[in-house]
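Kindly generate the complete structure, drawing on both the sequences and the hints.
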Amino acid sequence: GAGVSQSPRYKVAKRGQDVALRCDPISGHVSLFWYQQALGQGPEFLTYFQNEAQLDKSGLPSDRFFAERPEGSVSTLKIQRTQQEDSAVYLCASSLAGFGAGEQYVGPGTRLTVT
Amino acid sequence: AQTVTQSQPEMSVQEAETVTLSCTYDTSESDYYLFWYKQPPSRQMILVIRQEAYKQQNATENRFSVNFQKAAKSFSLKISDSQLGDAAMYFCAYSPNFGNEKLTFGTGTRLTIIP
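Residue numbers (my numbering), protein chains in the order written: chain L, 4 to 118; chain B, -1 to 113.
Everything labelled a hint here was simulated from the structure, so no lab data went into it.
Worth double-checking, as some hints may not be accurate.
[What the hints assert, rightly or not] Some chain L residues close to chain B (C-beta under 7 Å, calculated; not the full set):
{"no.": "1", "residue": "F48"}
{"no.": "2", "residue": "Y51"}
{"no.": "3", "residue": "A56"}
{"no.": "4", "residue": "D59"}
{"no.": "5", "residue": "V109"}
[Said to hold, decoys possible] Here are some, though not all, of the chain B residues that point toward chain L, as calculated from beta-carbon distances under 8 Å:
{"no.": "6", "residue": "M9"}
{"no.": "7", "residue": "P38"}
{"no.": "8", "residue": "Q42"}
{"no.": "9", "residue": "L45"}
{"no.": "10", "residue": "I47"}
{"no.": "11", "residue": "R48"}
{"no.": "12", "residue": "F89"}
{"no.": "13", "residue": "N98"}
{"no.": "14", "residue": "E99"}
{"no.": "15", "residue": "K100"}
{"no.": "16", "residue": "F103"}
{"no.": "17", "residue": "T105"}
{"no.": "18", "residue": "G106"}
[Stated by the list, open to error] Over the 12 Å line for every Cβ pair with chain B, so calculated as not near, a few chain L residues:
{"no.": "19", "residue": "G75"}
{"no.": "20", "residue": "T79"}
{"no.": "21", "residue": "Q86"}
{"no.": "22", "residue": "Q87"}
{"no.": "23", "residue": "A96"}
{"no.": "24", "residue": "S98"}
{"no.": "25", "residue": "T116"}
{"no.": "26", "residue": "T118"}
On a predicted model such as this, the values are computed, not experimentally measured, just so you know.
We put the CB at the ideal spot given by N, CA and C, even for glycine.
In structure tokens, the structure reads:
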């Protein structure tokens, strides 16, 4: 497809379970971003990759959150020992380049519900 | 740190009328991007319009236009000839023009179109 895709679209996890969320960016896009969108709020930055390098992870809320992009394309956001406050929509976005291109294409998101 | 403020949690407009959504932001940078994103209910977030801060001319995209006031750090979105399909959450966002181009989003404005 032409856009950013994410899977699964919906995930229900019991508190304490580990989850892995996948993002397939647009082919050729260098930059990849993860955002967390709580219910009724705007998305908040989690982490940023340029190719396979994670250049900024300052938004990750705790050390239970981990992201990787080993080959510079697909990215995975992993949350260990999920907590109820992790319930949110996790958005992935990609952009062509990290030098002023500006426009990010946002995926449909994964809605995580922790029970 | 940059902040984006949307002071209108909800707005409504009659079909075919014009509506303006407000956004203010705070930054110490002189060069940056500003965006309006649309997020329909249960659907993917899409870019509506973007403005580069060094350009004085206001961006326009068909029925969508912005009023960019750099000195006042204001970036409002005007939707003309409102259509039922315009109903959505609208997010104002800021991105630096260098390095990590992470988006800083406002809290959103929910726009309702009245038939």
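Going back to the hint list, which numbers does this structure go against?
3, 6, 7, 10, 23 and 24
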